[in-house]
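Protein chains in written order, with the working numbering: chain A, 1 to 454; chain B, 1 to 454.
Among the hints, a few may not be true.
Given that identical chains are not distinguished, each listed pair holds provided it fits within a single copy or across any two copies.
[Claimed, not checked] Cross-link-like lysine to aspartate or glutamate pairs, in silico, EDC-like; alpha carbons within 20 Å at most: (1) 26 <-> 207; (2) 14 <-> 351; (3) 212 <-> 238; (4) 201 <-> 150; (5) 354 <-> 43.
Calculated from the structure, these hints are not laboratory results.
There are 2 protein chains.
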Amino acid sequence: MQKEPNEILVISIKRLLRRGATKQLKNIIQKTHTVDLSTVFRELSSDNRKKLFSLIETLEQKGILFSKLEESTFLDLVKTIKFETLVEIFDQMPADDAAELLGRLDEEVSDKILEKMKTKGSEDVEELMSHGEDTAGSLMMPDFIALGEDVGAREAIDALQNKFLDVEMPFYIYVVDEYEKLVGVSSLRQLVVVPPEKPLKDFMAKDIVSVKTYTDREVVAKVVSRYDYLAVPVVDDDNRIVGIVTVDDVIDILHDSATEDMLKMAGVGDDYIETQTILRGTKIRLPWLFASFIGGIAAFLIIGRYETSLAQYTILAAFIPVIMGMGGNIGTQSSTIVVRGIATGMINIRDFWKIISKELAIGLILGIFYGLFIGVITSVVYRTEPVIIPLAISVGLAVVSSMTVAALVGSGIPLFFEKIKIDPAIATGPFVTTAVDIISIFCYFVIATILLGL
Amino acid sequence: MQKEPNEILVISIKRLLRRGATKQLKNIIQKTHTVDLSTVFRELSSDNRKKLFSLIETLEQKGILFSKLEESTFLDLVKTIKFETLVEIFDQMPADDAAELLGRLDEEVSDKILEKMKTKGSEDVEELMSHGEDTAGSLMMPDFIALGEDVGAREAIDALQNKFLDVEMPFYIYVVDEYEKLVGVSSLRQLVVVPPEKPLKDFMAKDIVSVKTYTDREVVAKVVSRYDYLAVPVVDDDNRIVGIVTVDDVIDILHDSATEDMLKMAGVGDDYIETQTILRGTKIRLPWLFASFIGGIAAFLIIGRYETSLAQYTILAAFIPVIMGMGGNIGTQSSTIVVRGIATGMINIRDFWKIISKELAIGLILGIFYGLFIGVITSVVYRTEPVIIPLAISVGLAVVSSMTVAALVGSGIPLFFEKIKIDPAIATGPFVTTAVDIISIFCYFVIATILLGL
Numbered sequence: 001m002q003k004e005p006n007e008i009l010v011i012s013i014k015r016l017l018r019r020g021a022t023k024q025l026k027n028i029i030q031k032t033h034t035v036d037l038s039t040v041f042r043e044l045s046s047d048n049r050k051k052l053f054s055l056i057e058t059l060e061q062k063g064i065l066f067s068k069l070e071e072s073t074f075l076d077l078v079k080t081i082k083f084e085t086l087v088e089i090f091d092q093m094p095a096d097d098a099a100e101l102l103g104r105l106d107e108e109v110s111d112k113i114l115e116k117m118k119t120k121g122s123e124d125v126e127e128l129m130s131h132g133e134d135t136a137g138s139l140m141m142p143d144f145i146a147l148g149e150d151v152g153a154r155e156a157i158d159a160l161q162n163k164f165l166d167v168e169m170p171f172y173i174y175v176v177d178e179y180e181k182l183v184g185v186s187s188l189r190q191l192v193v194v195p196p197e198k199p200l201k202d203f204m205a206k207d208i209v210s211v212k213t214y215t216d217r218e219v220v221a222k223v224v225s226r227y228d229y230l231a232v233p234v235v236d237d238d239n240r241i242v243g244i245v246t247v248d249d250v251i252d253i254l255h256d257s258a259t260e261d262m263l264k265m266a267g268v269g270d271d272y273i274e275t276q277t278i279l280r281g282t283k284i285r286l287p288w289l290f291a292s293f294i295g296g297i298a299a300f301l302i303i304g305r306y307e308t309s310l311a312q313y314t315i316l317a318a319f320i321p322v323i324m325g326m327g328g329n330i331g332t333q334s335s336t337i338v339v340r341g342i343a344t345g346m347i348n349i350r351d352f353w354k355i356i357s358k359e360l361a362i363g364l365i366l367g368i369f370y371g372l373f374i375g376v377i378t379s380v381v382y383r384t385e386p387v388i389i390p391l392a393i394s395v396g397l398a399v400v401s402s403m404t405v406a407a408l409v410g411s412g413i414p415l416f417f418e419k420i421k422i423d424p425a426i427a428t429g430p431f432v433t434t435a436v437d438i439i440s441i442f443c444y445f446v447i448a449t450i451l452l453g454l
Numbered sequence: 001m002q003k004e005p006n007e008i009l010v011i012s013i014k015r016l017l018r019r020g021a022t023k024q025l026k027n028i029i030q031k032t033h034t035v036d037l038s039t040v041f042r043e044l045s046s047d048n049r050k051k052l053f054s055l056i057e058t059l060e061q062k063g064i065l066f067s068k069l070e071e072s073t074f075l076d077l078v079k080t081i082k083f084e085t086l087v088e089i090f091d092q093m094p095a096d097d098a099a100e101l102l103g104r105l106d107e108e109v110s111d112k113i114l115e116k117m118k119t120k121g122s123e124d125v126e127e128l129m130s131h132g133e134d135t136a137g138s139l140m141m142p143d144f145i146a147l148g149e150d151v152g153a154r155e156a157i158d159a160l161q162n163k164f165l166d167v168e169m170p171f172y173i174y175v176v177d178e179y180e181k182l183v184g185v186s187s188l189r190q191l192v193v194v195p196p197e198k199p200l201k202d203f204m205a206k207d208i209v210s211v212k213t214y215t216d217r218e219v220v221a222k223v224v225s226r227y228d229y230l231a232v233p234v235v236d237d238d239n240r241i242v243g244i245v246t247v248d249d250v251i252d253i254l255h256d257s258a259t260e261d262m263l264k265m266a267g268v269g270d271d272y273i274e275t276q277t278i279l280r281g282t283k284i285r286l287p288w289l290f291a292s293f294i295g296g297i298a299a300f301l302i303i304g305r306y307e308t309s310l311a312q313y314t315i316l317a318a319f320i321p322v323i324m325g326m327g328g329n330i331g332t333q334s335s336t337i338v339v340r341g342i343a344t345g346m347i348n349i350r351d352f353w354k355i356i357s358k359e360l361a362i363g364l365i366l367g368i369f370y371g372l373f374i375g376v377i378t379s380v381v382y383r384t385e386p387v388i389i390p391l392a393i394s395v396g397l398a399v400v401s402s403m404t405v406a407a408l409v410g411s412g413i414p415l416f417f418e419k420i421k422i423d424p425a426i427a428t429g430p431f432v433t434t435a436v437d438i439i440s441i442f443c444y445f446v447i448a449t450i451l452l453g454l
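Next up, chain A with everything else stripped away, as it sits in the complex (with noise of 0.2 Å):
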């Protein structure tokens, strides 16, 4: 449903811009939202986003749309736009949207901005920049509503009114101690409903979940999808409430983190874009296949040290691929379902063994059912073969230890590095699959070396 609409949008702005159609151009930017204009701009030429871009009235869609924008094509748009007006536009952003795309700019460039900014609003942005990336502190936005325990529900509906009118996300009115610690939670539907005299500490709800603000960015998006909040509190090591964390921001980590799960599983680091240019593709993706490259050369000199075997049944060569397949496969299966597993919480690392004794269990169930089949159909296919029954015999045992050790590497691999602290995701694809392709190899060729009598 939202392709076309967009297509039509980007036709139609593309046909304004080429024929100056200034008044057009301007009602269209009003009556879309934002977000569809930033896709918009992901389609046209460096010169037709400067003139789009300037055609924009209000500072405020300008940042939104800033923070709409993808990485290249934010940096792009940036460099067109004058530095007074980048100061203005940062100026009234909301902090933590400002933080996130300063820190994308050259250090340079951001420190001259920052320096040329209010100094409340420049305050806000460097405190959430002093954060460690992809923590909770360099997520939050530093406008909530916290309240003291005494405050009653009437007062505290005034409050919203006027106080905090700002604040962006109005959902939760967090309750605080003399000492300004975080004590308890409240929101709008309770205080409409409790009388206008009772203290917030006398409703409020009071197992509140917060995190640090050195909590990993994951770590807060597990938080706030476990619970079902609209915003978790981030508090100091003082227990006292420093920002929040909203939502939108949770969906965006989930994006971001699901896609980088599946980008280093097939060996691609965690930074790759679709639209980055084919060198730069190709400079991303070339280390990630070295580790194939050395398995590659490992299993050529496995199979050379039995040339004379090979050289007396040639044949054998024939199964090197089914072999290196079925195994390749179900170690596939099993490393995802852990890598996935350990990331939705599904599976807890306590049960290790459990889970490891599971993946043998179906590894060499499968390796017996597919043995057996590709043996069968080995001893069909060469029945003129003088040697037929110890080499489907070897055939077929070698599919069943590869499937086994697959699953069992597929399974133990990510596992362990979990143990080790050390991101599953990242070390499993192309190692895996590596590892696999060598153990199932030597498997085969120790298995028909001894039944054929080699």
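Knowing the structure of chain A, use the given hints to seat chain B on it.
Just chain B, lined up with the frame of chain A:
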């Protein structure tokens, strides 16, 4: 930060259950967030689940627990609960949660429960259950705030405090015209800043994005995450608002769809759950390995045809793994990038040829790099072989062609499936690897036969 407290919770509850310490258990249940309690249920035996559940005091908490349990734990628990209690629990649950949970039960049981529920509640639930699975209609909450265009700001606030007190997520005030068609949206925050008498139509936002009851849930998730909404209105074909889908459901959808994509690409179907039994896990994974089984058979038939060439140069066999491995890995890279790009909207099917040619170029460059590398290593390691130069060139060229073809097939298959409206993730995993294996091996033997003059 979460793992440890939960572990302690599980241990304490198990110990208290053994000791039959009812009072302490009730105490813990009251103090623990229901979400955390649900993870405890996963770890308990059927008997203990029943015991612990009977100690939960309010129907509301029982209902929340239901909606937080994993499917298998939920079904197991339901069996131990009296029919009358079940009806009571479902009666007071939000209609959307009740509809989802009842959909998991046998139709016979859910029909009986619906029959006994209070008329109004069961009508809402039945209405929701009548919509297709995985559509906005089946996900939506029938409670929302809708007011006429001429209602003033003050009047709207009054309505919120009285008429709409039960609405779970009172963030948006939807505005409907005299025919009950959705014409705009306003927010709590806007209501308090405009003059009290101002009618909604004068300050509501008109560029409202809605979804239809039959819109697919992944599209709903895209809309909500794209526009940073907390909820999206669901309308019927006459544009009358019938419900809203809230951001917490969207988070669940995003979780699920990322997991499904990964599992499909790994060839494990899309309903694999980590807690399944060995037998069930085996059954689900078995058919997905069939593609690589067929590929393996095809590969050994191809190699079988070149048996005489192999008999002359057995060393040819040693390079099968490296050629398959390099092709397989770059193919996985390409298909993952494309599948994930389509899912996140970064890749547009309109750019079909642009994407294919980019991947082809990357495949060719990486192929030449690794082909050369492997060619050189081959000529060093096997320098004593009589036909070393044509052999090394054959292996190098085979790697080039395998990697180029793999990048082409890896990106082309998912794009093609997307074009003909088949889920690209499901069609990608094992198929890509298998196709690449067969093509690579074929190319290798063709090249080697020509260059070695066999």
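Verification of the hints:
no.	hint	in the structure
1	26 <-> 207	between (50 Å within a copy, 16 Å between copies)
2	14 <-> 351	between (57 Å within a copy, 17 Å between copies)
3	212 <-> 238	within (10 Å within a copy, 48 Å between copies)
4	201 <-> 150	within (6 Å within a copy, 39 Å between copies)
5	354 <-> 43	between (51 Å within a copy, 13 Å between copies)
This entry satisfies every hint, going by the numbered hints stated previously.
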